[in-house]
Amino acid sequence: MGGMSAALDQLTDWVRRFAVAVRENRDELTRLDAAIGDADHGINLDRGMTAVVAALDAESQPTAAALFKKVGMTLVSTVGGASGPLYGTFFLRVATASGEVTELDGPAFAKALRAGLEGVVARGKAEAGDKTMFDALAPAVDALDAALADGDPLAESLRTATAAAEAGRDATIPLVARKGRASYLGERSVGHQDPGATSVTMLVAAAADALA
Amino acid sequence: MGGMSAALDQLTDWVRRFAVAVRENRDELTRLDAAIGDADHGINLDRGMTAVVAALDAESQPTAAALFKKVGMTLVSTVGGASGPLYGTFFLRVATASGEVTELDGPAFAKALRAGLEGVVARGKAEAGDKTMFDALAPAVDALDAALADGDPLAESLRTATAAAEAGRDATIPLVARKGRASYLGERSVGHQDPGATSVTMLVAAAADALA
Amino acid sequence: MKKLINDPADVVAEALRGMDAAHPELRVDHANRIVYRADAPVQGKVGLISGGGSGHEPMHGGFVGPGMLDAACAGEVFTSPVPDQMVEATKNVDGGAGVLHIVKNYTGDVMNFEMAAELAGAETGVEVLSVVTDDDVAVQDSLYTAGRRGVGVTVLLEKIVGAAADEGRDLAGVAAVARKVNGQGRSMGMALTSCTVPAAGQPTFELPDDQMEIGIGIHGEPGRRRVPLAPAREVAAMLVEPVLSDLDFTGPDGVICFVNGMGGTPLLELYLMYNEVAALLDKAGVRIARSLVGPYITSLEMAGCSVTLVKADDELIRLWDAPVRTPGLRWGA
Amino acid sequence: MKKLINDPADVVAEALRGMDAAHPELRVDHANRIVYRADAPVQGKVGLISGGGSGHEPMHGGFVGPGMLDAACAGEVFTSPVPDQMVEATKNVDGGAGVLHIVKNYTGDVMNFEMAAELAGAETGVEVLSVVTDDDVAVQDSLYTAGRRGVGVTVLLEKIVGAAADEGRDLAGVAAVARKVNGQGRSMGMALTSCTVPAAGQPTFELPDDQMEIGIGIHGEPGRRRVPLAPAREVAAMLVEPVLSDLDFTGPDGVICFVNGMGGTPLLELYLMYNEVAALLDKAGVRIARSLVGPYITSLEMAGCSVTLVKADDELIRLWDAPVRTPGLRWGA
Ligand SMILES: Nc1ncnc2c1ncn2[C@@H]1O[C@H](COP(=O)(O)OP(=O)(O)O)[C@@H](O)[C@H]1O
Ligand SMILES: Nc1ncnc2c1ncn2[C@@H]1O[C@H](COP(=O)(O)OP(=O)(O)O)[C@@H](O)[C@H]1O
Ligand SMILES: [Mg+2]
Ligand SMILES: [Mg+2]
Ligand SMILES: [Mg+2]
Ligand SMILES: [Mg+2]
Chain A
763 MGGMSAALDQ LTDWVRRFAV AVRENRDELT RLDAAIGDAD HGINLDRGMT
813 AVVAALDAES QPTAAALFKK VGMTLVSTVG GASGPLYGTF FLRVATASGE
863 VTELDGPAFA KALRAGLEGV VARGKAEAGD KTMFDALAPA VDALDAALAD
913 GDPLAESLRT ATAAAEAGRD ATIPLVARKG RASYLGERSV GHQDPGATSV
963 TMLVAAAADA LA
Chain B
763 MGGMSAALDQ LTDWVRRFAV AVRENRDELT RLDAAIGDAD HGINLDRGMT
813 AVVAALDAES QPTAAALFKK VGMTLVSTVG GASGPLYGTF FLRVATASGE
863 VTELDGPAFA KALRAGLEGV VARGKAEAGD KTMFDALAPA VDALDAALAD
913 GDPLAESLRT ATAAAEAGRD ATIPLVARKG RASYLGERSV GHQDPGATSV
963 TMLVAAAADA LA
Chain C
45 MKKLINDPAD VVAEALRGMD AAHPELRVDH ANRIVYRADA PVQGKVGLIS
95 GGGSGHEPMH GGFVGPGMLD AACAGEVFTS PVPDQMVEAT KNVDGGAGVL
145 HIVKNYTGDV MNFEMAAELA GAETGVEVLS VVTDDDVAVQ DSLYTAGRRG
195 VGVTVLLEKI VGAAADEGRD LAGVAAVARK VNGQGRSMGM ALTSCTVPAA
245 GQPTFELPDD QMEIGIGIHG EPGRRRVPLA PAREVAAMLV EPVLSDLDFT
295 GPDGVICFVN GMGGTPLLEL YLMYNEVAAL LDKAGVRIAR SLVGPYITSL
345 EMAGCSVTLV KADDELIRLW DAPVRTPGLR WGA
Chain D
45 MKKLINDPAD VVAEALRGMD AAHPELRVDH ANRIVYRADA PVQGKVGLIS
95 GGGSGHEPMH GGFVGPGMLD AACAGEVFTS PVPDQMVEAT KNVDGGAGVL
145 HIVKNYTGDV MNFEMAAELA GAETGVEVLS VVTDDDVAVQ DSLYTAGRRG
195 VGVTVLLEKI VGAAADEGRD LAGVAAVARK VNGQGRSMGM ALTSCTVPAA
245 GQPTFELPDD QMEIGIGIHG EPGRRRVPLA PAREVAAMLV EPVLSDLDFT
295 GPDGVICFVN GMGGTPLLEL YLMYNEVAAL LDKAGVRIAR SLVGPYITSL
345 EMAGCSVTLV KADDELIRLW DAPVRTPGLR WGA
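Residue numbers (the working numbering), protein chains in the order written: chain A, 763 to 974; chain B, 763 to 974; chain C, 45 to 377; chain D, 45 to 377.
Please note: incorrect hints may appear among the correct ones.
[What the hints assert, rightly or not] Keeping only pairs whose Cα atoms sit at most 35 Å apart, straight-line, the calculated DSBU-like set for lysine-lysine is: (1) LYS135(D) / LYS832(A); (2) LYS135(D) / LYS887(A); (3) LYS873(B) / LYS832(B); (4) LYS135(D) / LYS46(C).
[To be verified] What the simulated footprint calls covered on chain C by chain D, stretch by stretch (three residues with Cβ under 8 Å from a Cβ of chain D suffice, anywhere in the stretch; the number is not a length): (5) 50 to 60; (6) 110 to 116; (7) 141 to 148; (8) 271 to 277; (9) 307 to 319.
Hints listed in this document are in silico derivations from the structure and should not be mistaken for laboratory results. In this text, all values refer to a predicted model and were calculated from it rather than measured experimentally. Yeah, the Cβ is synthetic: ideal placement off N, Cα and C, and Gly gets one too.
All chains should be built: construct the whole structure from the sequences, respecting the hints.
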């Protein structure tokens, strides 16, 4: 394989690594949300990803579709708030796009991520520059497509995507929020990094680590 | 006169000086009450004595009985809490004991104060060492009687009485309160000076100043 | 001091204006700071008045109305009202059957109501009886002290006695019900934070972030002891145990269980505390017949709670269930 | 963090246990965190459900009962509940006439209720309509943002719509009343202090002793601007003016005027604020037809208040006056 495609255990590892990252950064994510939201983003995602890990521990999933559907359904059922439907819809769309397979090659993985991104947009109607998770996720998916189109292997492409997510995340700092709770602050949201953009960057980074 | 007896304007001055002392020490009295009570003794007495001064400004009183009755009634009607009935009853009894006169000699003034003290006891049932205003007022009245019996002039006797009140007030510090709100604290009331003993010492000191 | 007020000296007067405006079913005498039910006096019914310092809202003004008080006298914050107010209220709620004064056991309240009862008797000829509530087990009861404070039982008593008066009992009968409720009730309270008397401008006591006060009253006075913060489960035990060891609440009769908020504690936490209290009572073999959860006898913005139990036989339960229509308590008709 | 809780993770579950124990007239599904009126579903009546993050008590669980909601779904503190809860509640309150979802306009709440409505329709065939409250004038309404927040109007709407459902209107008719109330209502809030989310353990924002936040929501989020502390009179103007300039409340119809406490502000101050608000409305030629004063839609222990006005014609007043019997609001029968 060597970073050209992703087997089921690597995909599972992606999810688990994301859970670890959320756990480790729980307080940081919550602190970011306290500044421009309601101080629960880390708590919410951690509750959800803990439930996801428990579900994966309890029962191993036979296909990528089954894996991501389980992840999405569990997040929808345990997170609540904005991130529950957004992350949940993301994974449910990733599941559908992945199909009943046990391995995804680079283009298939990229296609699945793009489907997830489209789910986030369908659910939340965010546009570029609204200061949401979209602002990190969309550039990451674009970068992944571009890198794969350039012939880079999946692993390397995901590192490129992570860098794009990080840049998108950092670029949320000067923005005025126009979606989600932070939008209530108007100009006062300027100067703060969006919590959802931060967590979704961890999601992309976890993929780069797991699918290395 | 020269400190041998007290004319009506001096008696009025006593009341007014007490009002000034209460106003000046309002926060201190309230602070003492915060430690072992409910943080209102200075506020209460200041409200009452402000009303008293307004009443005396509005209408001058023809006799000692009329003067002290006005003071007592005004305090009863405006102070509330424990100190309203206690200070009110004190002045009402002083009024009755003074009689319809325009001047009180030493023994008559002392007799009036003792009647006031007895009113405080009748109303509040405090005994020596209960950590109340009684513990400053009773020694002051006793010292006044003793000094007058020794042949000291009224003015000097009131200075002696003030010293006795101060000593009584200071002696409340180590006591465990057994009456009033401070009694709820039990042993925790130890180490704090009683607010009522503090204000009543100002009352005696005001007499010493006014009747000098 | 962070408060929604104008001049601290005007807090009580202005709050009474707001109460008056918000409740057409009440009548407020602003000069005397008395809240009346609009239709007072009710002919033939024993009149019920209470009163006390302000800062404990909804008590007492919020408990004026059919099935509860006929009038409430508002003092300054944490300061007993004055006899003039009580005399005036007594006159205006007497419907010919006499008036009961419900007094919480604080030196100031007791002395002012005493003076009022003397004056009301002398000036108006209205028959007056007084009942003093003293249910706070945090305070040692003794002939040589001011005795226990009147706290949570006062709320339950005003409701129950209001129903007894509605039933047409005479003054002695109404007073007897009041004494019975007080005799069968006990309370214990705690604080997580102090409160700030508006005119004082700063917290009555300082409480470190990791400490709480056990055995507090309702006037921001410190409690019996200061202990480290503890989980709700342990706090509940610190409140329930002294109540249960002061009076036997077991037996077939059951209790009215009242978990009260001190003003700054959210309902979410009060329900959580109720859950702990109910579990402890269950373990102790005490049956809960009725319950009340919420901020009903408060201490300004103090965070904390108190637990009150009143042993209630069928008669008291019937009186408790009877209709009541006040801003603070309302059920039945 | 000073709270009467055990493990922060258990706050909502344990508070629901307490609510269940304290209110025999409610039924609580603890697995799904749903508060039902004990007799749900009511056959032939449109079912009303709402829900949202916890920490706003008594809303929504305290508004379940005859004349108001049939069920409320409790989320984690300040976090929307999940679709599973809403689907389950929808199934169990449907009495054959369909179910109305009352949703406060927050991205999370709207998305979760949207998913629930999709699922409920697909899974159960129950007819579902949704109405979203968005009354907070502190937030600019725009197609390009999340829009205004749903705050105080939600309380009044749940009461009025509850009465409309009781009158036997059909789902479309009940939803129409809900939209009318929301369209005619506006709110504005302020905070003197922050609140602390139990799981976060520290205040959501720091507010210096001499500052307050104007234009806050109900989730401890900071407001639109931070200004120096001001007297109640000026605070009232800061809240009333933006409300009045967003919608014309003058005219013969009058308003329901709701002064709400954020959780940590005592009733004494809320009545004082009501007095100021009433004076401003009088000056502006707005007639108060009905009023409500108290902590009904809270933000944990936050000190502060909000003002809500709903323009109410005879129909809405009649529905407002209709009997309601819930832990949080109770009058009439
Ligand atoms: N409409 C939206 N589209 C995409 N992302 C959004 C939208 N609204 C909010 N978000 C994301 O959700 C994050 C907040 O999530 P969280 O704190 O868990 O939910 P809540 O705001 O309900 O408390 C924001 O930082 C933002 O990235
Ligand atoms: N029974 C009593 N007899 C005499 N003095 C008393 C008694 N009870 C209280 N006091 C005095 O009253 C003072 C408190 O007065 P104040 O704070 O105005 O009233 P309250 O306790 O009602 O707030 C105490 O410091 C004490 O000196
Ligand atoms: Mg959040
Ligand atoms: Mg005092
Ligand atoms: Mg006092
Ligand atoms: Mg949230």
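Now for the hints, and whether the structure bears them out:
1. LYS135(D) / LYS832(A): Distance of about 24 Å is within 35 Å: holds.
2. LYS135(D) / LYS887(A): At roughly 29 Å apart (the allowed maximum being 35 Å), LYS887(A) and LYS135(D) satisfy the hint.
3. LYS873(B) / LYS832(B): holds, 19 Å
4. LYS135(D) / LYS46(C): Roughly 46 Å between the alpha carbons, so the hint for LYS135(D) and LYS46(C) is violated.
5. 50 to 60: Check passed, 7 qualifying residues.
6. 110 to 116: violated (count 0)
7. 141 to 148: That given contact is violated, which follows from only 0 residues of the segment 141 to 148 of chain C lying within Cβ reach (below 8 Å) of chain D.
8. 271 to 277: Check passed, 4 qualifying residues.
9. 307 to 319: holds (count 13)
Hints 4, 6 and 7 from the list above are not met by this structure, while the remaining hints are.
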